[in-house]
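Participant: Need the complex rebuilt from these two chains, each delivered in its own frame; the hints are there to steer you.
In order, the protein sequence lines correspond to chains A and B. Counting from 1, one number per residue, gives the positions in the first sequence under my numbering. Counting from 451, one number per residue, gives the positions in the second sequence under my numbering.
Rather than coming from a laboratory, the hints here were simulated on the basis of the structure. Don't take every hint at face value.
Under the rule of at most 27 Å between Cα atoms (straight-line distance), these lysine-lysine pairs were calculated in the DSS-like manner [as the list claims (entries may be wrong)]: (1) Lys785(B) - Lys432(A); (2) Lys631(B) - Lys388(A); (3) Lys788(B) - Lys396(A); (4) Lys443(A) - Lys785(B); (5) Lys573(B) - Lys426(A); (6) Lys15(A) - Lys661(B); (7) Lys432(A) - Lys763(B); (8) Lys446(A) - Lys435(A); (9) Lys423(A) - Lys523(B); (10) Lys785(B) - Lys763(B); (11) Lys195(A) - Lys182(A); (12) Lys53(A) - Lys277(A); (13) Lys248(A) - Lys763(B); (14) Lys781(B) - Lys396(A); (15) Lys763(B) - Lys426(A); (16) Lys388(A) - Lys523(B).
Just the calculated beta-carbon pair ranges, DEER-fashion [stated by the list, open to error]: (17) Glu275(A) - His766(B): 51 to 61 Å; (18) Gly88(A) - Ile501(B): 56 to 66 Å; (19) Gly88(A) - Glu775(B): 34 to 44 Å; (20) Gly255(A) - Ile521(B): 55 to 65 Å; (21) Glu81(A) - Glu789(B): 54 to 64 Å; (22) Glu775(B) - Gly147(A): 48 to 58 Å; (23) Gly255(A) - Glu789(B): 21 to 31 Å; (24) Thr424(A) - Ile521(B): 30 to 40 Å; (25) Val65(A) - Lys785(B): 30 to 40 Å; (26) Leu505(B) - Thr424(A): 43 to 53 Å.
C-beta: ideal position from N, C-alpha, C; glycine also.
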Amino acid sequence: MTHTFKGGVHPNYMKAPQVPVSVVAPPAQVIIPMAQHIGAPCKPLVAKGDYVKMGQKVGENPAPVSAPVHASVSGTVVAVEPRPHPLGDMVMSVVIENDFQDTPCEDLAPLTEEQLKDPDAILERMREAGVVGMGGAMFPTAFKVRGGIGKVDKLIINGAECEPYLNGDHLTMLNFPEQLLKGIELVRIASGVEKAYYGIEVNKQDAIDLLNSLHPEKYGIEICPEAVKYPQGGEKMQIKAITGREVKPGGLPAGVGANVVSTRTCYAVYQACYEGKPVIERIVTVAGSALDGPHNALTRVGTPFGYLAEQCGGFVKTPKKIVLGGPMMGICATSFDAPTIKGTAGVLFFTEEEDRMVDDPHCIRCGKCITVCPMNLEPVFMYMYYSKGDYANLEKYHVNDCFECGSCSFNCPARMPLTHAFKTAKLMLQAKAAKEKAEAEAKAAKEAQK
Amino acid sequence: MSDKNERIVLDVAYQPQVRTLTDTRRIMLDVIIALLPAVVVAAIQFGFHAIVVILSSIASAVFWEWLYRKIFKKEASIGDLSAVVTGLLLALTLPPTAPWWLPVIGTLFGITIVKQLYGGIGKNFLNPALAGRAFLLSSYAIIMANWGVPSGLKGVVDGTTMATPLASLYSWSMPAYFNYKTMFLGTIPGSIGEISTLALLIGGIYLIVRKVISWRIPVAYIGTVAVVTFLFAGRGFGHFEWMMYNLLSGGLFLGAFFMATDYATSPVTLNGQLLYGCGCGLLTVLIRYFGGFPEGVSYAILIMNLCTWAIDKAFHRHQFGGSKEDIAAEKAAKKAAKEAAK
Chain A
1 MTHTFKGGVH
11 PNYMKAPQVP
21 VSVVAPPAQV
31 IIPMAQHIGA
41 PCKPLVAKGD
51 YVKMGQKVGE
61 NPAPVSAPVH
71 ASVSGTVVAV
81 EPRPHPLGDM
91 VMSVVIENDF
101 QDTPCEDLAP
111 LTEEQLKDPD
121 AILERMREAG
131 VVGMGGAMFP
141 TAFKVRGGIG
151 KVDKLIINGA
161 ECEPYLNGDH
171 LTMLNFPEQL
181 LKGIELVRIA
191 SGVEKAYYGI
201 EVNKQDAIDL
211 LNSLHPEKYG
221 IEICPEAVKY
231 PQGGEKMQIK
241 AITGREVKPG
251 GLPAGVGANV
261 VSTRTCYAVY
271 QACYEGKPVI
281 ERIVTVAGSA
291 LDGPHNALTR
301 VGTPFGYLAE
311 QCGGFVKTPK
321 KIVLGGPMMG
331 ICATSFDAPT
341 IKGTAGVLFF
351 TEEEDRMVDD
361 PHCIRCGKCI
371 TVCPMNLEPV
381 FMYMYYSKGD
391 YANLEKYHVN
401 DCFECGSCSF
411 NCPARMPLTH
421 AFKTAKLMLQ
431 AKAAKEKAEA
441 EAKAAKEAQK
Chain B
451 MSDKNERIVL
461 DVAYQPQVRT
471 LTDTRRIMLD
481 VIIALLPAVV
491 VAAIQFGFHA
501 IVVILSSIAS
511 AVFWEWLYRK
521 IFKKEASIGD
531 LSAVVTGLLL
541 ALTLPPTAPW
551 WLPVIGTLFG
561 ITIVKQLYGG
571 IGKNFLNPAL
581 AGRAFLLSSY
591 AIIMANWGVP
601 SGLKGVVDGT
611 TMATPLASLY
621 SWSMPAYFNY
631 KTMFLGTIPG
641 SIGEISTLAL
651 LIGGIYLIVR
661 KVISWRIPVA
671 YIGTVAVVTF
681 LFAGRGFGHF
691 EWMMYNLLSG
701 GLFLGAFFMA
711 TDYATSPVTL
721 NGQLLYGCGC
731 GLLTVLIRYF
741 GGFPEGVSYA
751 ILIMNLCTWA
761 IDKAFHRHQF
771 GGSKEDIAAE
781 KAAKKAAKEA
791 AK
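Pulled out of the complex, with its shape left as it was, chain B reads as follows (with noise of 0.2 Å):
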């Protein structure tokens, strides 16, 4: 044996030895990629302010993440880019009249109440971008309910200000530049990051293809959503219209792909990732139809949020090699060694 091996220190780690590429900031990374199509709409429809409500959002919720783990002395996480994720989402769940320092009130409360004080990444069981709008709701009421007009409505619509497609389907009477074409493409008015259902498909089939999220979330929840507006078609609307303009108004997408697969707060398991999607569903429709709000995706999946837990805990695997019959064997012969016991 040569002199040198010898002075080789040896290091011993646990199996596998190797692993995959894919970490939690390329993780990260892949979703802010993938929310850049709504961002580039946003920017078209809504101009530079939203670009600065977006940037504000993002910088303050990065500096309250660092600010957070500064203070409490914990080793610093803004590198896993988790934070820019969060003020992101929170940004594109705003109205485009949003004034700059909104966001900065939103993360403080999603950053610091909801994400670190519960232990930080992956340990918070709400999603702390709709925790911090919903805060924001109950706090600026009237600033939260501000739409401005994007540019592919002006000179149709006066006025800087105008409702959003959802509230117009809900009182009935939606206005002919309300269409499929311009709900689709994302000409309509709405919050910076839900208007455009191409954008959010876009990077929705991104996140799919690059195994960031699963298909089970967004297909059950956008699923739910279609059938029971389909069967449940409201006032003056053909069933097919009705379902339609409920998938392509309001926050359904941007919630279906980006909020509700938040990983954290929704399950894990296969099974119970479906049954998640269609309470998101169910909820989200419920809310429309009866709840004082005319938009019901950011509660329902807030609430479908608190019932992860108990959802994951519903649904255990099969266990490889158990089948049912020697499940059914193995109680009958403890209830016989029990009663022989007797």
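Pulled out of the complex, with its shape left as it was, chain A reads as follows (with noise of 0.2 Å):
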């Protein structure tokens, strides 16, 4: 039997697991932006000129909310400044030269036998090596699963990939499965619990069957086969299918006592604990319409975006947006020259060919958007009264539970656009708090004066 939710719909996957992993050569400049998770941005650790090695650290905050981050290459640094971050904006980032010697650094040793066993040796080592959620939410590993200790008695590994395009879960199982158990364990003793629950996505079944031959309960692992629907990955609908639970409305997976982490981070925290490898590279699924094929490409952390594009044979077409992560949730880059992050699982070049918006969306009250809505939204009526600009009813309707799958945009027929809209309404009810709450403020201030 397969474990799935309610709602969801069935893009196009577009998955090319066939294509072997390649390896894109280090471009001779990688940037490395301070902010690649969520929490405290970083504060740089080298100045221009200085020379560092692979895996070195060049940035860190002591926040508990943050994770450093390390050269991907050995060179110079030949700047630190601001520089064009994916996600936007500009951001405090070291630029290194290439020295192509890809000279390692020394730092972090391989944990002993002991501290493998140890959950705050893994913790520390979590947090050293920059381990932060990979499937794309980039939320710093070692403060999630520390925060999950003694709440949490269902850990979730999320092996779902349930966006288009994206194979680099996919090829983890399939060419490190061993790794990738031992990686899970670790997660497993941090968490404090006896026992991992591995959600896949039946359309991976060759890594279901190999990763089963390998007796995945030595390590306390059992594999969850799951329904093939998108969004089976998200956080909430993971819980719900592997644990029947329900994350509560604004709360934590945690109070719920689930905690989910991401195959590719608990390879990544693998890496950081039996190698003592930081998290400088990973698999990014380079496709789209504009290139002739898709590539699963292993790339280093800060591989600009145009580079990465050339590596993977240059483009056939002229693209029309850059997508980060997967097509469902990614948003646009909106520079050539930014670069890869921990975070970003695919690069996609689309062209025109994967466009369908039209200019003036008539709604036709078809009622498909309620039907697939993971969340039990009703979409239609949120957008009317987002369109009405209604903050009441948006709140009764409980817009604030919307994690903006895109499901219900993806289903429309009349192209209607409410995934942007409902995460526009989230943040005009996000300013309207936080206005009344500092009036609210200053009244008290004033009759506190009188």
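Facilitator: What follows is the structure, given as structure tokens:
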């Protein structure tokens, strides 16, 4: 039996796991942004002219919600300045001129046998190696796991990879199954639980069979096959599918005793603990109709998108959009010079071919958005209230529960910009709440003065 | 960085970056395809004139839609095929003897007054085809009750017009040539598109399989009619016989699969659709039993159209992660806070 949730859509998956992993030659210059995680951005630890080794820490911040960043090549720092960030804006970055020696940094030694069984040592290493949620959310993993200790009884490993195009998790399962299981075991030990549930969509049956043949129970892991449906890999959907629990509105997964860690993150934990290797590279699926075929490219962190496209055969058509991650939740990059970061699972170069927008959409009230919403929302009404600027009803219809999976917009035959509207609505509600709070405080201060 | 890339202007769009192939036009095309079996039966039973009426209805509906948008300088909308569907549906509710100009008047009312004046596709609150039919029924009552003899009954029935099975049923005298088989296959008199239950069933199942409509409204609608007519059978008929005659005669299947499921005028909430279907069924039976007209389908649907907004508001979905205990606890906390403030 496969695990699943209610709602969801079936996009055209466009997966190409049969394309072998190709190693992208590191570029002459890598750009290491100081913000590659949710939380406090790092402060640069190096200055222009410094020599750095591959894997050397180049930025960190002592704040609890943060993760250090590391040099992905060896060479000379040529600039420490704001550079285009993949998620927009200019962000302080360390630019390293590659000496093509890949001289490794020995700061992080592999953990000893005892340390590999010690939750604190593993958590400390996760933090030091800069491990963040590599499914795309980029939440610092050490903080997430530590926060769940004592509360979490169901540790879920996310192997759904439900976004179209992306193959990185699937290929990690196929190429490094044993290492992956060991990585999951480490996360399990660090979480202080007896068992980890590994949810994998059944379109990766070969990976499920391979992992099962390696006796996952030895590592305290149970493989849970899941139905192929987007957004199966959403945190709340994974928890619902495997445990039947629903994360409370506005609450954290730990609130219902569950934590979700992605496949690639577990592999990064393995590399950090067993090999002493920080997060400096990952498999990036490079695809889209502007290229002549998909590539599963092992790419160093800090590789600019333009260079990446050249290494993958160059453009056969003029790209119109650069999409980061999968096409359902991925956002658009605005510059060819912005680099890949830890959370970049895919770089898609789309042309008009993928585009199905219309200029002046008219809702036909078909209700197809309601049937697919995995959060039981009613997008058709939310959009109506959004158009009217009706905040009270937006809240009543739980617009804040929307996690922007894009299923409603994807399925809309009239091409209404639903997800976009709800993102804006949530920001408007936040701004309104902040304003009201400030006003109330000002009023209270005034009264106190009297 | 190569100079070539610098010259490329990148687009930014909010997620998702991909969308399903099915668009409004494709959905309307599916509805047209689903109605083709009924059109074929109409051509066989009522001949060339039925096709003339259908074509005149479609052409006039598209023309009125085009003209309205043109006059009021709005972007053209006939490409979405919704006007074609309205024209086709209206023609299928007319008697086969209807003159060619009748649907031209019906679509003028349905398209301009009912649909476009309220903002066009998705904004109207009454089904344009049914509203057009209701308009014609009150304006041309005699023409609208002129039931031509189908080719399947030529030689069996004298004259050029005859009573429909539904009218016969409610005057308590069913002639032998109205039986399950003729009513299922459609060798009976009636409006152009309603006679063959089989043809409509094929189209309805096609729509459900293509996910154009959900099963909820038609099943709730037909199911309610079945249950109520079975429980309250008429004089001289067995319970099952009465139920079957009520299901197979009149416009029930056309209404349940193609009219009541109109997107703009039916509820979008899942439980709301069930209630709406039941309401349509109940009203249909009530009008047939007690109303002035023999048929109740169109008015039942039009009345339920008016209730759609209220039904949708009443059926708010269960919030993900929100348990009953939580909601109760939240209310109690608010109450306590209020009392503490006092």
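Participant: Against each hint, give a clear statement of whether it holds in the structure.
Facilitator: Outcome of the hint check:
A threshold of 27 Å between alpha carbons decides the hint, and for lysine 785(B) with lysine 432(A) the separation of about 25 Å falls inside it, so the pair holds. Restraint check for lysine 631(B) and lysine 388(A): not satisfied, since their Cα atoms lie roughly 54 Å apart, outside the 27 Å limit. A hinted pair counts as satisfied when its Cα atoms are at most 27 Å apart, and lysine 788(B) with lysine 396(A) qualifies at roughly 20 Å. With a C-alpha separation of about 24 Å, the suggested pairing of lysine 443(A) with lysine 785(B) holds against the 27 Å cut-off.
Proximity of lysine 573(B) to lysine 426(A) is assessed by CA-CA distance (about 26 Å); at most 27 Å being required, the pair is judged to hold. Pair hint lysine 15(A) plus lysine 661(B) holds up; C-alpha atoms about 25 Å apart against a cutoff of 27 Å. Pair hint lysine 432(A) plus lysine 763(B) holds up; C-alpha atoms about 25 Å apart against a cutoff of 27 Å. A threshold of 27 Å between alpha carbons decides the hint, and for lysine 446(A) with lysine 435(A) the separation of about 17 Å falls inside it, so the pair holds.
Taken as a hint, the lysine 423(A) and lysine 523(B) pair is broken in the structure, with Cα atoms around 33 Å apart against an allowance of 27 Å. Proximity of lysine 785(B) to lysine 763(B) is assessed by CA-CA distance (about 25 Å); at most 27 Å being required, the pair is judged to hold. Under the criterion of a C-alpha separation no larger than 27 Å, the hint pairing lysine 195(A) with lysine 182(A) is consistent with the structure, at around 13 Å. Proximity of lysine 53(A) to lysine 277(A) is assessed by CA-CA distance (about 12 Å); at most 27 Å being required, the pair is judged to hold.
Of the supplied pair hints, the one linking lysine 248(A) and lysine 763(B) holds, its CA atoms being roughly 24 Å apart against a limit of 27 Å. As the CA atoms of lysine 781(B) and lysine 396(A) are separated by approximately 15 Å, the hinted pair is consistent with the 27 Å bound. Restraint check for lysine 763(B) and lysine 426(A): the C-alpha separation of about 22 Å stays at or below 27 Å, so the hint holds. For the hint linking lysine 388(A) to lysine 523(B), the alpha-carbon distance of about 24 Å falls within 27 Å, and the restraint holds.
One distance hint, 51 to 61 Å for the beta-carbon pair glutamate 275(A) and histidine 766(B), holds here, with the actual separation near 52 Å. The beta-carbon spacing between glycine 88(A) and isoleucine 501(B), approximately 59 Å, falls within the hinted interval of 56 to 66 Å. The hinted window of 34 to 44 Å between glycine 88(A) and glutamate 775(B) holds, with their beta carbons roughly 42 Å apart. In this structure the supplied range 55 to 65 Å holds for glycine 255(A) paired with isoleucine 521(B), their Cβ-Cβ distance being about 58 Å.
For the hinted restraint 54 to 64 Å between glutamate 81(A) and glutamate 789(B), the CB-CB distance of approximately 59 Å keeps it satisfied. Take glutamate 775(B) and glycine 147(A): their Cβ atoms lie about 25 Å apart, and the range 48 to 58 Å is violated. Remark: the range hint 21 to 31 Å for glycine 255(A) to glutamate 789(B) is upheld by a beta-carbon distance near 28 Å. Evaluation of the 30 to 40 Å hint for threonine 424(A) and isoleucine 521(B) yields a pass: the beta carbon distance comes to about 34 Å.
For the pair valine 65(A) and lysine 785(B), the beta carbons lie near 36 Å from each other, so the given range of 30 to 40 Å is met. For leucine 505(B) and threonine 424(A), the hinted distance range of 43 to 53 Å is satisfied, since their beta carbons lie about 46 Å from each other.
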